[in-house]
Amino acid sequence: MQAAPDTPAPTPAATDASKQDAGDLLFERPQMKNTAPGSTITYDYLRRSGIVRGPYGPPINDEIKFTIEPGKSAESRDVRVQMFSGGNRVPAGPFIDMPGNPVLSLFLENHLKGLAGLLEANPRYLKNAIRKGMREKATITKTEVEFKGRKVEGWKIEMQPFLGDPLTDRMRGFDGLTYTFVTSPEVPGEIVSMQARATKPDGGELLEERLDYDQKDS
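Just add 62 to the spot in the sequence shown (first one is 1) and you have the working numbering.
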């Protein structure tokens, strides 16, 4: 009797989005296994705010650069980091034997530091609200990503973790802050983009902070 052919592993498009978990997609996957030791990964960073004379100051356009080296296992990597440049430079890393992509924590920690300063809030309170939002308020949809001139499959994760927060009256309009993450297993490190965006009631911008995978090193 001829053996039945192997069943291929499900791709993002073949997997039910309702069965996905935002925290697992972002923090539990071995995202670095598809990065080549000796390669460099660059993420373009933007932060701008429409708050006049606000604490964010002028817009920032900069980069986060990763230098990738082998880790102890096939799925992990050692990651050297240059987080921003010149006067924007922030000490970060190195990250040793990492299976997950550290750019997630770097982006969120930097974002929360600025947000906590703006709102005069405890960073831990904001961090816990985001964690809870990932469990209870995130929506996950299939998406397509442009990579190396072709369409590849991925996931879009969106959430508004501060809506309905008990301290909404202290959020200064940031209770509607929307987080959007795009991932794809076809892209080195899997993180395609991250965005935190808040708008005024009239549509004006309170904050846009985002990170985008730069394909120039691919």
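Please note that a few of the clues may not be correct.
[As the list claims (entries may be wrong)] With a cut-off of at most 35 Å between alpha-carbon atoms, the simulated DSBU-like pairs for lysine-lysine come out as follows:
id	residue 1	residue 2
1	Lys218	Lys127
2	Lys194	Lys95
3	Lys95	Lys134
4	Lys127	Lys278
It is worth saying that the hints were derived from the structure and are not from the lab. Being a predicted model, the structure only gives us computed values, none of them experimental.
Evaluated hints:
no. : hint               : in the structure
1   : Lys218 with Lys127 : holds, 23 Å
2   : Lys194 with Lys95  : holds, 28 Å
3   : Lys95 with Lys134  : holds, 12 Å
4   : Lys127 with Lys278 : holds, 12 Å
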